[in-house]
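Protein chains: 2
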Amino acid sequence: MAKEVKLVRYRTSPFSLREELALELKGVPYDCLDLEDVPDKNAVFLEYNPIYKKIPVLVHKGKYVAESLIILEYIEDTWGAYPLLPKDPYERACVRHLANFIDDKCIPTFRKAFWGDGDMQKTSMEQSKEYLSILQKELKNKKFFGGNYIGFLDIAAAYIALWVGVLQEVAGVNLFNREDHPILWKWSQEFLNSKVAKKILPEREKLVAFFNGRKEIMKDSIKTVI
Amino acid sequence: MAKEVKLVRYRTSPFSLREELALELKGVPYDCLDLEDVPDKNAVFLEYNPIYKKIPVLVHKGKYVAESLIILEYIEDTWGAYPLLPKDPYERACVRHLANFIDDKCIPTFRKAFWGDGDMQKTSMEQSKEYLSILQKELKNKKFFGGNYIGFLDIAAAYIALWVGVLQEVAGVNLFNREDHPILWKWSQEFLNSKVAKKILPEREKLVAFFNGRKEIMKDSIKTVI
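So the sequences go chain by chain: A and B.
Just so you know, this note's numbering puts the end of the first sequence at 769, numbered straight through with nothing missing.
Just so you know, this note's numbering puts the end of the second sequence at 769, numbered straight through with nothing missing.
Worth double-checking, as some hints may not be accurate.
Repeated chains share a single entry, so a pair holds when one copy, or any two copies, can fit it.
Calculated cross-link-like contacts (lysine to aspartate or glutamate; reagent style EDC-like; alpha-carbon spacing at most 20 Å) [what the hints assert, rightly or not]:
| # | residue 1 | residue 2 |
| --- | --- | --- |
| 1 | K630 | E619 |
| 2 | K606 | D631 |
| 3 | K546 | D662 |
| 4 | K604 | D583 |
| 5 | K672 | D723 |
| 6 | K597 | E673 |
| 7 | K749 | E712 |
| 8 | K686 | D574 |
| 9 | K686 | E634 |
| 10 | K680 | E634 |
To be clear, the hints were calculated from the coordinates, so they are not data collected in a lab.
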């Protein structure tokens, strides 16, 4: 029987995986519509997310919610079990701020560090390492950004725990490592070894193979962004 | 006596004004630190918002919250009077989605329609009008995006009610008018005539004079964005 929640996703996307981690933590069953298997992707976007034409989209009770961080807020607002956001308004604001920081600053800069060349690559690499330091500082002595448990910001940062390692291997650069960012590195290992990450995240080797096949597309995509 | 809340702002910024509208609606007294009057702006950013180096910043009980939409969420989470977000999780997600849409899609595209030239200006103008249609559709038969009362999305859209009219006058283009978007136009008039807007928003003529003095800076800023 079809489940009440459906996620429109790419199996390899760090953004789609955010929703899966959140749904799993809250114990919400869901089906997936894998966009890799859909011949006419435009038709899907037209139906589910005409403004941004992006995945993930969460379908719940026939209604569509788009943008991965907004979907996380929706999941948090809808299912009370396992709260993802802290109760304190200031702490909530810090979490939202750093989640936006990952999307608006870290990911675009990391992409240039992975796939750019020359001065742009060098500058982006330095900037990226500074960004990792900002995130590391937030961890303080906590096991997870959420404290003793995986929370909203850990989920938003899953990209750093898994995808950054994969992409730097494929791109042949060294952005994130134990020596430069020991506390953030420790967090990434705790996160990857958590029950929910082991169950939900794609296998590292499959991601490496997938992105190895897309190196040229990635390099080209950087050129159009600048 | 200094108030418990302080807003670091520019007096002419549509982003700073969002927080002022929200604080006023909730009846929260606040002081302002006007960045126009501060000689060393970098020192202020270093103290309050080192990641983004942008205003507005809300200072409350010695803690700093940055990014205008995140500050709105903070204000909503902190002061219960006059709820800005709907209670229903799906409606909340729609409001958040469209508020992000205004910041991520509308404002950058409008800027190109105001200050760009040639094909870029023409394409941006068409795109901008489509974006206004998307927002207009959301209003349906409501007086405000928030229903009978000004809510989160009305506040986020204050830029469209006031600044767009000012900027198109200064730039000499015709983006937003009664004929093309009658429902959104009616909303803008209702909004500008509301008690809170009349009290909080800057005078139109002062904004026109301010932006008239910055035309060349605006045109240059578009060139560095592309």
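Handout entry: Those earlier numbered hints the structure runs against, lowest number first
Key = 3, 4, 8
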